[in-house]
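2 protein chains.
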Amino acid sequence: MSDASHRVVVVGGGFGGLFATRALRRAPVRVTLLDRVNHHLFQPLLYQVATGILSEGEIAPPLRSVLRRQRNVGVELAEVSGFDLDRRTVTAVRPDGGGFELPYDSLIVSAGAGQSYFGHDQFSRWAPGMKTINDALELRGRILGAFEIAELEQDPEKRRAWLTFAVVGGGPTGVEIAGQIAELSRRVLSDDFREIDPRNARVMLFDGGEEVLAEFGDKLSAKGKMGLERLGIEVHTSSTVVDIDGDGVVVESAGERRRIDAQTKIWAAGVQASPLARRLADASGAECDRAGRVSVLPDCSLPGHPEVFAIGDMMALDRLPGVAEVAMQQGIHAATTIKRRLRAEETKPFRYRDLGSMATISRFRAIVSFRGIRLSGFLGWLAWLFVHLAFLTGFKNRFSTVLHWAITFTGGGRPERTITMQQIIGRVAIGEAGGRPFLLSLADDEEHAGPTDTEPLG
Amino acid sequence: MSDASHRVVVVGGGFGGLFATRALRRAPVRVTLLDRVNHHLFQPLLYQVATGILSEGEIAPPLRSVLRRQRNVGVELAEVSGFDLDRRTVTAVRPDGGGFELPYDSLIVSAGAGQSYFGHDQFSRWAPGMKTINDALELRGRILGAFEIAELEQDPEKRRAWLTFAVVGGGPTGVEIAGQIAELSRRVLSDDFREIDPRNARVMLFDGGEEVLAEFGDKLSAKGKMGLERLGIEVHTSSTVVDIDGDGVVVESAGERRRIDAQTKIWAAGVQASPLARRLADASGAECDRAGRVSVLPDCSLPGHPEVFAIGDMMALDRLPGVAEVAMQQGIHAATTIKRRLRAEETKPFRYRDLGSMATISRFRAIVSFRGIRLSGFLGWLAWLFVHLAFLTGFKNRFSTVLHWAITFTGGGRPERTITMQQIIGRVAIGEAGGRPFLLSLADDEEHAGPTDTEPLG
Chain D
1359 MSDASHRVVV VGGGFGGLFA TRALRRAPVR VTLLDRVNHH LFQPLLYQVA TGILSEGEIA
1419 PPLRSVLRRQ RNVGVELAEV SGFDLDRRTV TAVRPDGGGF ELPYDSLIVS AGAGQSYFGH
1479 DQFSRWAPGM KTINDALELR GRILGAFEIA ELEQDPEKRR AWLTFAVVGG GPTGVEIAGQ
1539 IAELSRRVLS DDFREIDPRN ARVMLFDGGE EVLAEFGDKL SAKGKMGLER LGIEVHTSST
1599 VVDIDGDGVV VESAGERRRI DAQTKIWAAG VQASPLARRL ADASGAECDR AGRVSVLPDC
1659 SLPGHPEVFA IGDMMALDRL PGVAEVAMQQ GIHAATTIKR RLRAEETKPF RYRDLGSMAT
1719 ISRFRAIVSF RGIRLSGFLG WLAWLFVHLA FLTGFKNRFS TVLHWAITFT GGGRPERTIT
1779 MQQIIGRVAI GEAGGRPFLL SLADDEEHAG PTDTEPLG
Chain U
1359 MSDASHRVVV VGGGFGGLFA TRALRRAPVR VTLLDRVNHH LFQPLLYQVA TGILSEGEIA
1419 PPLRSVLRRQ RNVGVELAEV SGFDLDRRTV TAVRPDGGGF ELPYDSLIVS AGAGQSYFGH
1479 DQFSRWAPGM KTINDALELR GRILGAFEIA ELEQDPEKRR AWLTFAVVGG GPTGVEIAGQ
1539 IAELSRRVLS DDFREIDPRN ARVMLFDGGE EVLAEFGDKL SAKGKMGLER LGIEVHTSST
1599 VVDIDGDGVV VESAGERRRI DAQTKIWAAG VQASPLARRL ADASGAECDR AGRVSVLPDC
1659 SLPGHPEVFA IGDMMALDRL PGVAEVAMQQ GIHAATTIKR RLRAEETKPF RYRDLGSMAT
1719 ISRFRAIVSF RGIRLSGFLG WLAWLFVHLA FLTGFKNRFS TVLHWAITFT GGGRPERTIT
1779 MQQIIGRVAI GEAGGRPFLL SLADDEEHAG PTDTEPLG
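Residue numbers (our numbering), protein chains in the order written: chain D, 1359 to 1816; chain U, 1359 to 1816.
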């Protein structure tokens, strides 16, 4: 820890917090990075953990290990519970339950966003989202478990439901997970079963809007849809999922509702800012928008508190998109602003440099949009591969991991197919039998709200 | 599936069941392999998953994928609940709760063994064993979490307890996990913390017997002990652990009891055969020994039922050790016996060929005992590496995994340090906060039996 007297507290070790911390590495400050989990998460590849391509360690390096050489930072595993902006302290809870207060001179809050079910939290049991490592392991167990159960099921209708996968939400996350489930069933698992043909699995993608991947613009969006359909994925646009239960989903399209039996449901439809955004808003008098994000000033600070920054998915500014790039650049911006102030230099407002968007459709197909350049197909995929490899090497600097991943992904194997004990909240749960875990089904004993309203969801 | 009419049911996809199945690949039979989990487990490397070297997928390939090319076998994910040896059927439960009956002409049961706490099942909450992938992930979370909590703990005595690791049992499993915890603390984590020095972690190994690794004989056992002590591990022989609770262990040695504060406890002291051994004994009139293993005839079959074989850790024969080698050779033997019968040839009793024992002490040290040849130190480690690599390649045939593993293990990194949501039964549990998981400590609210008796444990 350095002897510098300016104390910076960074909340959250995601893209925003990590880049802010790194950008302070040569500054005369002492940094404390607080996170609830021990790892940074390379969220854009989470869907690959959910489909058995990568292990969790490969996209979630420990924060300590990433920051090992940066001597002016301490990492603490703790959950932030509140802020006192006047006294300039953060209150937090340690893993063993003890609370503590941490004083700061500058504060950077980058707590991100969680899944939002738009008021239908009961859906979460049946349709997990994909925001954390545990989400991904839960989904991995459900997806692979569905094929296992289908293999044993004798009733053709029920078997069909176990082989039906409903993905809600047609943004990059929904598209990528749908694409990988299709690849799993068409290619990876195609020879593994005796009673079922995994290639017959039905992968359905629902979106309430008129197109999938809308943010890429009409042309790329259409190419993305074509790519998905070539993989045999049923793409249902203008189709709103209005209910989800253990056995399937209810979809509303053109005023009509129909029920689809699907044992595996995945939620990729919406996000909600961390509750810490609301705390910051209440403490500073700033506004929160519908997605729970706190409005910040043009330099990402809070009104009346130039020493407090809110960055990334939890803040609202200039209709910036909720992508990793924004969080990274804002992290660097907040760090720069702190450094300039320490040198009594003028500070600047945040300016986002759009480095483009990407979504991968299948193994060798992706779409990329970058400053008027639009790539699709294999060329898009090469660009996607390059950027992901560059990032992974950039922050992990571990040649072996990248090598391993590149071999696995291009080779098409799925090394990570272990069903672990994550499935505790779903339909498929783990029991103990003789000391060894065993997959067991949960009875549908919990109350479940039926189709209630017509609020748009998908 | 082949058209052959002879039906073989194999229960358990461990070393015994997998080798039996593979040995039947060209036989005119139809094989059904039943297991509760979807993967084979390379148990000898489980301790590497627990200490972050390997991911679970690297030692637990899906059974389906291992057996993909063997067309005469079907894999079913189901838990066997009983046997009717007269009607020649197995009853089992599918993951979704449905029961079914499976008829056989030959039956091979290889259900293995679970952890035994010698009647002190309350210890399991505080000192997980290491028999399954979930055990290993649970331990990984506890071991890495202990360093995290120590970093935040202000009270020096409590911090000491979080940095104390008690391993109960001085067989290969206990020795290997103790060695890897020491390497983690001495080497891997040494630079990652600011408040604590992980190198000060105390790793204690307890065994009730007079020496660790007793099965290797005096000379190697002494070398093993020396290797452990060189890593800074405190080896306590003739020391019986008589109680375990949340805060530590009570050890009895030379008639005296003392309490040691240790937040992390690992149980590697004993095994108990699968309850299916008792079911087979009851159904056939065979005996069960104290460890719950069913006594088999010299050809591994049950008395009065030459078509039923019990193999591996769940059977008792000629004081054979409970090692993977025995299970593999018995699996092949049972398969050979079935094939010989189908060809009306004479069958033979099982003969164990001792291929030696191995235990690795640290990164470059292992001890190996093989037909009078005794290796230790670096030479032992090379032999150990060779055999493990040969096995991994043998059954997985995946160059990239082996390469990845070899790089990681010799390079000394720990790619898998994610704390996942396995810690549901321990002191450190996961809560949900805003949709993201968070480490929380469990209150000591469950009843716990105090030190009650003096039964030997360690």
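For the record, the hints were derived by calculation from the structure and aren't laboratory data.
Every residue, glycine too, gets a C-beta built ideally from N, C-alpha and C.
Hints should not be assumed to be uniformly reliable.
[As the list claims (entries may be wrong)] Chain D residues, not near chain U, derived (Cβ > 12 Å throughout):
1) Gly1499
2) Arg1544
3) Ala1572
[What the hints assert, rightly or not] Only some residues are given here: those of chain D computed to face chain U with a beta carbon under 8 Å:
4) Asn1396
5) Pro1420
6) Ser1423
7) Ala1436
8) Gly1440
9) Leu1443
10) Asp1444
11) Asp1454
12) Gly1503
13) Ile1507
14) Asp1549
15) Glu1614
16) Glu1774
Comparing the hints with the structure gives:
no.	hint	result
1	Gly1499	9 Å, violated
2	Arg1544	16 Å, holds
3	Ala1572	24 Å, holds
4	Asn1396	5 Å, holds
5	Pro1420	5 Å, holds
6	Ser1423	6 Å, holds
7	Ala1436	7 Å, holds
8	Gly1440	13 Å, violated
9	Leu1443	20 Å, violated
10	Asp1444	24 Å, violated
11	Asp1454	4 Å, holds
12	Gly1503	7 Å, holds
13	Ile1507	5 Å, holds
14	Asp1549	5 Å, holds
15	Glu1614	31 Å, violated
16	Glu1774	4 Å, holds
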